[in-house]
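A.B. asks: Here's the letter readout for the chains.
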Amino acid sequence: MRLTIACPEALRDDANQLAMVLGYGPSDAETYVALNWQDAGGNLYACASLPVSDTFTTAAQSGLQRPAWDTDNHVNMAGANRAQAALVFSLTPVTAMPDKLTACVGDDALATLAAMGLTHVVVDV
Amino acid sequence: MMQSGGFSPASLFAGGTEGAWYDPSDLTTLFQDSAGTTPVTTAGQPVGKMLDKSGNGNHVAQAISAKRPTYTEGSGLAWLAFDGVDDAMEIQNAAFSFTGDQSVWVAAKHDTGNGRFIYLMGGSDKGYLFVTEGSTRKMRFIPINTADGVISTSVIGTSPIVFGGAWDRSSGDISLRENGVEYTASKTPADVTVPVVTLLGGGNPNGASWDGNIYGAVIVNNLTTASETGEVEAYLAAKSGVTL
Chain A
1 MRLTIACPEA LRDDANQLAM VLGYGPSDAE TYVALNWQDA GGNLYACASL PVSDTFTTAA
61 QSGLQRPAWD TDNHVNMAGA NRAQAALVFS LTPVTAMPDK LTACVGDDAL ATLAAMGLTH
121 VVVDV
Chain B
1 MMQSGGFSPA SLFAGGTEGA WYDPSDLTTL FQDSAGTTPV TTAGQPVGKM LDKSGNGNHV
61 AQAISAKRPT YTEGSGLAWL AFDGVDDAME IQNAAFSFTG DQSVWVAAKH DTGNGRFIYL
121 MGGSDKGYLF VTEGSTRKMR FIPINTADGV ISTSVIGTSP IVFGGAWDRS SGDISLRENG
181 VEYTASKTPA DVTVPVVTLL GGGNPNGASW DGNIYGAVIV NNLTTASETG EVEAYLAAKS
241 GVTL
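Line order of the protein sequences matches chains A and B. Residue 93 in my numbering sits at position 93 of the first sequence; the count goes up by one each step and never skips. Residue 228 in my numbering sits at position 228 of the second sequence; the count goes up by one each step and never skips.
If you are wondering where the hints come from, they were derived from the structure by calculation, not from laboratory data. The C-beta atom is built at its ideal place from N, Cα and C for all residues, glycine as well. Do not rely on the hints blindly, as some may be mistaken.
Stated by the list, open to error - Listing some non-contacts, in silico: residues in chain A with all C-beta distances to chain B over 10 Å: (1) T4; (2) R12; (3) D13; (4) G23; (5) S27; (6) D28; (7) A59; (8) L64; (9) M77; (10) R82; (11) A86; (12) T92; (13) K100; (14) G117.
As the list claims (entries may be wrong) - If you anchor each label on the Cβ, the simulated ranges turn out as follows: (15) B:S170 / A:A68: 49 to 59 Å; (16) A:Q65 / B:S8: 41 to 51 Å; (17) A:A59 / B:A226: 48 to 58 Å; (18) A:A111 / B:G16: 43 to 53 Å; (19) A:G42 / B:P39: 43 to 53 Å; (20) A:S90 / B:S159: 47 to 57 Å; (21) A:G42 / B:D111: 23 to 33 Å; (22) B:G6 / A:T58: 18 to 28 Å.
Kindly produce the complete structure, drawing on both the sequences and the hints.
C.D. replies: Structure, rendered in structure tokens:
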């Protein structure tokens with residue numbers, strides 16, 4: 001299944017810690033960077049979308065463990081836990097909120113973001 | 001490594017010509033991780049690294065798990081599917097830039113316009129190459145970041161298209177081709193700053209990602225002959241199911 005995640009500006013740092021715990025290495029600290037989506041209230045979000053397994057969604061909602069690769073304590077586990085506490089996981093699109101890390105299942109990532117009430121912040125080239 | 005019809009893009013890089021050749025249908029070039037240790041074996045897997053088949057070592061990779069495109073198959077074709085949110089591949093060789101003339105092709109399918117400017121191939125500041133105009137859903141070829149270095153197609157649909165672009169640095173002329181047909185007259189940009197191409201499928205400056213498929217791409221650091229151009233376009237058309 002495909003999971004599309006909207007991370008509000010205030011949760012970016014913590015959400016990137018969680019991304020490292022659930023991901024594969026320190027590069028995943030850059031999962032949420034560009035604040036290029038916004039809701040109707042003008043709140044900004046960094047978004048990500050990826051195919052995931054049931055194992056991933058279970059791990060995202062279970063007790064977090066420091067990843068095996070993180071032998072140097074690179075991950076801020078307190079931040080990862082804060083992000084997990086703010087996680088809203090839904091099998092259908094729900095409205096993104098500026099104090100929640102909203103993760104929704106949907107095959108079409110852009111359609112899912114639209115259903116979450118988010119529009120892209122256009123920057124011309 | 002010859003293709004059907006006897007032509008292989010490898011011939012364009014004889015003698016050490018700089019450039020790159022990406023072929024998602026060749027599973028031996030695809031890896032799930034950016035280090036290139038776990039091969040892609042089946043559809044639905046993420047692609048963290050795709051090898052350059054030109055021999056120049058200009059491989060593309062994505063170190064961030066969520067930003068990896070997905071290897072996909074269907075109707076006898078294979079491609080990288082980009083999600084339109086954050087997927088993008090980065091060229092790993094920082095020294096890769098166009099110091100001479102350019103000939104560039106990419107076979108791609110664009111699913112939605114979505115009112116955004118989206119890179120198909122390009123980088124920051126200079127070297128956009130191919131980018132959609134969000135509001136009008138046209139494809140631009142922009143080897144130079146100035147208004148006189150831009151050529152656009154008409155509105156594109158959602159079927160696969162083979163795009164080609166060329167830049168004669170000595171004359172300044174640029175041209176754009178769509179499915180084997182030269183679309184516009186040449187222009188002569190005044191700015192000939194060397195562009196740097198770093199991205200395939202999306203990225204700077206707004207983080208927009210290509211929403212659709214990439215079936216293959218060829219970048220050559222010279223001007224190809226008309227015969228070579230036709231052969232490359234026929235090759236990419238076969239890879240993307242396009243009828244030229």
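A.B. asks: Each hint: holds or not?
C.D. replies: Structure-based check of each hint:
Not every CB of chain B is more than 10 Å from the CB of A:T4 (nearest about 7 Å), against its label as outside the interface. With a closest Cβ-Cβ approach of about 13 Å to chain B, A:R12 is found to remain outside the 10 Å limit, as its non-interface label requires. Under the 10 Å C-beta cut-off, the non-interface status given to A:D13 relative to chain B holds; the minimum distance is some 16 Å. Separation of A:G23 from chain B is inadequate, the least Cβ-Cβ distance of about 4 Å not exceeding the 10 Å criterion.
Its closest Cβ contact with chain B, about 4 Å, brings A:S27 to no more than 10 Å, contrary to its assignment away from the interface. Some Cβ of chain B comes within 10 Å of the Cβ of A:D28; the nearest lies about 5 Å off, and the non-interface call is violated. Against the 10 Å criterion, A:A59 stays outside the reach of chain B, whose nearest CB is about 13 Å from its own CB. Its beta-carbon lying about 16 Å from the closest one in chain B, A:L64 satisfies the requirement of being farther than 10 Å from that chain.
A:M77, annotated as away from the interface, keeps every beta carbon of chain B farther than 10 Å; the closest lies near 19 Å. Against the 10 Å criterion, A:R82 stays outside the reach of chain B, whose nearest CB is about 19 Å from its own CB. Residue placement check: A:A86 keeps its beta carbon more than 10 Å from all beta carbons of chain B (closest about 18 Å). Even its closest Cβ contact with chain B, about 18 Å, leaves A:T92 beyond 10 Å, as expected for a residue assigned away from the interface.
Distance check for A:K100 against chain B: the nearest CB is about 18 Å away, which clears 10 Å, and the non-interface claim stands. Listed as outside the interface, A:G117 is consistent with that label: its C-beta sits roughly 15 Å from the nearest C-beta of chain B, beyond the 10 Å cut-off. Between B:S170 and A:A68 the beta carbon distance is about 55 Å. The supplied range of 49 to 59 Å therefore holds. A C-beta distance of roughly 49 Å is found between A:Q65 and B:S8, which places it inside the suggested range of 41 to 51 Å.
Between A:A59 and B:A226 the C-beta distance comes to about 55 Å, which sits within the given range of 48 to 58 Å. Range check, A:A111 to B:G16: about 46 Å between beta-carbon atoms, so the 43 to 53 Å window is met. For the pair A:G42 and B:P39, the supplied restraint of 43 to 53 Å holds, since their beta-carbon distance comes to about 45 Å. Between A:S90 and B:S159 the Cβ separation comes to about 33 Å, which falls outside the hinted range of 47 to 57 Å.
Checked against the hint of 23 to 33 Å, the pair A:G42 and B:D111 passes, with Cβ atoms roughly 27 Å apart. Separated by about 52 Å at the C-beta atoms, B:G6 and A:T58 break the suggested range of 18 to 28 Å.
Consistency with the previously given hints fails for numbers 1, 4, 5, 6, 20 and 22, ordered from lowest to highest.
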